[in-house]
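> Residue-level listing of the chains:
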Amino acid sequence: MTARDVIVQRAVKEVQDGMNINLGIGMPTLVADALPAGVDVLLQSENGMLGIGPYPVEGTEDADLINAGKETVTAVNGASYFDSATSFSMIRGGHIDLAILGGMEVSQHGDLANWMIPGKMVKGMGGAMDLVVGAKRVIVIMDHVNKHGESKVKKACTLPLTGRGVINRLITDLAVFDFTEQGMVLVELLDGHTLEDVTAKTEAEFINGLT
Amino acid sequence: MTARDVIVQRAVKEVQDGMNINLGIGMPTLVADALPAGVDVLLQSENGMLGIGPYPVEGTEDADLINAGKETVTAVNGASYFDSATSFSMIRGGHIDLAILGGMEVSQHGDLANWMIPGKMVKGMGGAMDLVVGAKRVIVIMDHVNKHGESKVKKACTLPLTGRGVINRLITDLAVFDFTEQGMVLVELLDGHTLEDVTAKTEAEFINGLT
Amino acid sequence: MDKVTQSFEEIVKQIPDGASIAVGGFGLSGIPEKLILALVAQGTKDLTIYSNNCGVDDWGLGLLLKERQIKKMVASYVGENKTFEQQFLNGEIDVELTPQGTLAERLRAGGSGIPAFYTPTGVGTPIAEGKEVRQFDGEEYVLERGIVADFAFIKGWKADRYGNIVYRHTAQNFNPLCAMAGKVTIAEVEEIVELGALLPDEVHTPAVFVQHVLAGQQYEKRIEKRTVRSKGGEA
Amino acid sequence: MDKVTQSFEEIVKQIPDGASIAVGGFGLSGIPEKLILALVAQGTKDLTIYSNNCGVDDWGLGLLLKERQIKKMVASYVGENKTFEQQFLNGEIDVELTPQGTLAERLRAGGSGIPAFYTPTGVGTPIAEGKEVRQFDGEEYVLERGIVADFAFIKGWKADRYGNIVYRHTAQNFNPLCAMAGKVTIAEVEEIVELGALLPDEVHTPAVFVQHVLAGQQYEKRIEKRTVRSKGGEA
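Residue numbers (the working numbering), protein chains in the order written: chain A, 118 to 328; chain B, 118 to 328; chain C, 2 to 236; chain D, 2 to 236.
Everything labelled a hint here was simulated from the structure, so no lab data went into it.
As the structure is a computational prediction, the values presented were derived from the model and not from experiment.
Hints may contain errors.
Claimed, not checked - What the simulated footprint calls covered on chain D by chain A, stretch by stretch (three residues with Cβ under 8 Å from a Cβ of chain A suffice, anywhere in the stretch; the number is not a length):
1) 18-32
2) 95-102
3) 105-113
4) 125-133
5) 168-177
6) 213-227
For every residue, glycine included, the Cβ atom is placed at its ideal position computed from N, Cα and C.
Build out the structure end to end from the sequences listed, making use of the hints.
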C-alpha cells in the first residue's frame with residue numbers, strides 16, 4: 118500500500134452511519150470513493166450542497182452541479198442545494214458531524230496550518246478556517262514527513278495557522294494521534310510502523326496511549 | 118369623511134408604482150384596500166411574504182396563508198414566501214421602500230411610541246421596531262388627539278419608544294408633517310383644518326412649511 | 002439516516018424539566034401542534050420557550066402556559082393570550098420581549114455559530130437598556146446574542162426520511178430558524194414522502210438541521226382571524 | 002414593477018469607475034458571465050470586487066483582472082488565476098482574503114442591515130490580526146463587518162419580470178447573498194418566465210432584492226474540473 122492508501126483506508130474507519138460529513142479537497146476527497154457500499158452518510162459541500170453522489174457518467178456532466186473542489190458531481194436521492202451562507206450555518210453552527218481535511222503542519226496543541234506558505238503565492242483559505250472551528254469532529258490526514266524527511270507533526274506550527282487547537286484526531290501514514298486536555302496522544306500505529314519509528318519522525322511531544 | 122377616512126385617503130397618495138411596502142396592523146392595513154386599481158406595488162408581510170393579495174373568497178381561507186395581523190389573505194401572481202429572518206433582512210437591510218405604521222405618540226424629533234403603555238399589559242412590539250429603523254421611508258398615521266382631546270403629537274414622547282428619530286412623515290386627521298434636520302415641519306392641512314386649529318391641537322413645536 | 006419515528010408521546014420523553022425549546026410558528030400558523038400537545042400531556046415543567054408568540058388561551062403554546070409548564074418566554078408578541086397576562090401580572094412567568102426581526106436573527110445566528118451581532122433595531126428604546134450600544138460608521142447599534150436551544154419543535158408540510166423539509170406558504174415563518182437553533186430538532190409534518198420526492202432545489206430546511214421526523218394526523222390548523230371577501234366582491 | 006431590460010451594454014452604463022460590486026458564483030459555476038463581459042467591454046476601472054473566487058485567466062472575473070479593471074479583490078480563494086498572482090506580486094492589486102463562510106455571512110449581514118457580527122472563524126490566525134477578538138461564554142470570537150456593495154451582479158436560472166429568481170443546483174452558491182448585499186442588484190438569467198410561473202414557495206431570491214433583470218443568450222457555463230466515471234463504472 119502507498120502512504121496515501123494507508124491514510125485513506127484508516128480515515129474511512131472514522132465514518133459512521135448517520136453522519137453528515139465534509140471532505141476537504143485533495144486526499145480527503147478520496148475517502149468518499151473508499152467508503153464501503155451502503156454506508157449511510159450525507160456528504161456536504163461548502164459551496165451549497167448536502168448529499169454528494171459519485172462523479173457523473175461521462176456525457177452527463179453539469180456545470181451547475183459541482184463540489185467545493187469545483188469538480189462535476191452528482192446528487193444522491195435526498196440531496197439538497199442551498200446558498201453558501203446556509204452552507205456555513207451548517208458548518209459553523211456545529212451541524213456537520215465530521216470534517217476530514219488535509220494538512221501542511223500540525224502542532225502538538227492541535228493547531229492546523231494548511232492554507233498558506235509565506236513567500237509563495239497566497240491562494241486563500243476557502244472554507245477551511247470555518248470547517249475547523251465548526252465541525253463537531255475535525256480529523257486531519259497528511260503524510261507524516263515532508264519530501265525532505267522532516268516531520269510535519271511539530272511542537273508548534275511554523276506556517277500561518279488555519280485554526281488554533283481545533284484538531285480532534287490526526288491520521289498520518291505512520292500513526293493516529295488524538296488531541297486531549299493532557300496533550301497529544303499516540304493511539305494507533307499504522308502499516309507496521311513501530312513506536313521508535315514514529316518517535317524518530319515526530320518533532321511534536323506526545324504521550325504514548327498505546328495499550 | 119371620518120377622521121380615519123381622511124387619514125387613509127391621504128396615506129394612499131404616498132404610494133408610488135414600483136414600491137415594496139409594509140403596512141402595519143390596524144389602520145395602515147386599510148390603506149391596501151384604498152389603493153387605486155392597477156397600482157403596481159408589492160405588499161410585504163413580516164411573517165414571510167411579498168405580494169399580499171386581497172382577502173380570500175369565503176370558503177377558500179387557508180390557515181397556511183396569513184399576514185402579519187394573522188388575517189387570512191391571498192397571494193398575487195409573482196408573490197414569494199420566505200422565512201422570518203429573510204423577511205427582516207428585507208426590512209432591516211433597507212429593501213422595503215415604505216412602511217406605514219400606526220402611532221400612540223409622535224415627538225417633534227421624529228420619535229415614535231406605539232407598542233407599550235406602562236402599567237397596562239405588555240403585548241410586545243412585534244416587528245415594529247425593526248420596521249421603523251429599516252424601511253427607507255417611515256410614515257406614521259394616527260389621530261391627532263386622543264379621546265380626551267390631548268395632543269398625541271408631543272414635544273417628547275411620554276410612552277416608551279418604538280424608535281428614536283425614525284419618522285419621515287406624520288399624517289393625522291388634521292395635517293401632514295415632515296421631520297427634517299431643521300425640525301418638524303407642517304407641510305399640509307387636511308380636511309379644511311386651519312393653521313390655528315392645528316397649532317392649538319399640537320403640543321410639539323413645528324415649523325410652518327405651508328406655501 | 003432514517004429519522005422517522007411514530008410516537009409523539011415517545012419522542013418528547015427526551016425533554017427534561019427545565020429544558021429550553023425553540024418553537025416554530027407565527028400566531029397559530031405553522032405551529033407544531035402535535036408536539037405541543039404531547040409535551041402538555043407529559044407535564045414537563047420549568048420550560049424556557051423561544052417563540053414569536055405564545056398561542057391563544059386554549060391552543061398552541063397557550064396550552065403549556067395554562068398548565069404552568071413555562072418558566073420563561075422569549076417572544077415578540079404575546080398580546081393574544083389572557084392566561085399569559087394573568088401569569089405575567091402575578092409574576093409567575095418571566096418574559097423577555099425581543100423585536101421580531103431580532104428574534105428571527107438571534108435564532109438563525111445561534112444555529113449558525115454566531116454568538117452575537119449588532120442591529121439598529123431598538124436603539125434608544127427600552128429594548129437597548131442594559132445592552133451594549135456601539136457606533137459603526139456614525140450610526141448606533143445594539144449588541145444582541147445568538148440563541149441556541151436544547152430542542153426545537155418545528156412544523157413542516159412534507160419531509161423525507163432524511164429530514165429534509167418543505168413548508169407551505171407563510172406557515173414557513175420561524176420554522177427554518179428554530180430548526181437551525183435547536184441542538185435536537187424534532188419536526189412534525191403533514192406527510193412523509195419517498196426519498197427523492199422533494200426536489201433538492203426546493204428543500205427549505207436541509208436534513209442536517211433535523212434529528213427526528215414524525216407525521217401528524219388530522220391537523221387542526223386553527224385560523225386566528227378569518228378575513229374573507231364575498232364571492233366576486235371586495236374585502 | 003417590470004424590471005426586465007434587454008441590453009447588457011446599456012445596463013452596465015450606470016456603473017462608474019471606482020464602484021464596488023458583489024459578484025455571485027463559485028469557481029466558474031453560477032457566475033454572471035454576460036454582465037462581466039459587458040463590464041470588460043465598457044472598460045470600467047478601479048473596481049472593488051466582492052466574490053468568492055476571481056475566475057480563471059481567460060474567463061469570468063479573470064477577464065476584468067486581465068484588463069486591470071480591478072483595484073481591490075475581497076475573496077476566499079484566488080488560486081486558479083495566474084494573472085492574479087502576477088498582479089498581486091507586482092503590488093498592482095489589493096487583496097483582502099476572507100474565509101469563505103465569513104465572506105458569505107458578511108454579504109448576508111450587509112444586505113440584512115447587520116453592520117457587524119462575531120464569528121469563531123479565524124481566531125488565532127492571521128485573519129484575526131487587527132480585528133477585535135472578544136469572549137462570549139468563555140470562547141473567543143472575531144468581529145467581522147457586513148458588506149454593502151454599490152452593485153451586485155448575480156446569475157439565476159429563471160426569473161419573472163418582478164425580479165423573483167430561482168437558481169439551479171449548486172449554481173445558487175453566493176448569488177442570493179450578493180443579491181442582498183447590492184444597493185442595485187442586476188440579475189442575468191437563462192430564461193424569463195411569466196409572472197406566476199415561479200411558485201411562491203420555490204422562489205430563492207424574492208423580487209425585493211433585485212432591481213434589474215436580463216436574459217442572456219447561449220450560456221457558455223464553463224466547467225473547471227470535468228470529473229466523470231465511465232458508464233456503469235466507478236469514479
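> Next, verify each hint and record whether it holds.
Hint check:
1. Closer than 8 Å: that is the beta-carbon criterion, and the region 18-32 of chain D has 5 residues meeting it against chain A, so the requirement of 3 holds.
2. Proximity of the region 95-102 of chain D to chain A, defined as three or more residues with a beta carbon under 8 Å from a beta carbon of that chain, is established by the 5 residues found.
3. Chain A is given as covering the region 105-113 of chain D, and this holds because 4 residues of the stretch bring a CB closer than 8 Å to a CB of that chain, at least three being needed.
4. Given a C-beta distance limit of less than 8 Å, the hint that chain A covers the region 125-133 of chain D holds, as 4 residues qualify and 3 suffice.
5. Residue count for the region 168-177 of chain D with a Cβ under 8 Å from a Cβ of chain A: 10. That meets the three needed, and the coverage hint holds.
6. A count of 6 residues in the region 213-227 of chain D with a Cβ less than 8 Å from any Cβ of chain A is obtained; the coverage claim is therefore met, three being the minimum.
The structure fails none of the hints (numbered hints given earlier).
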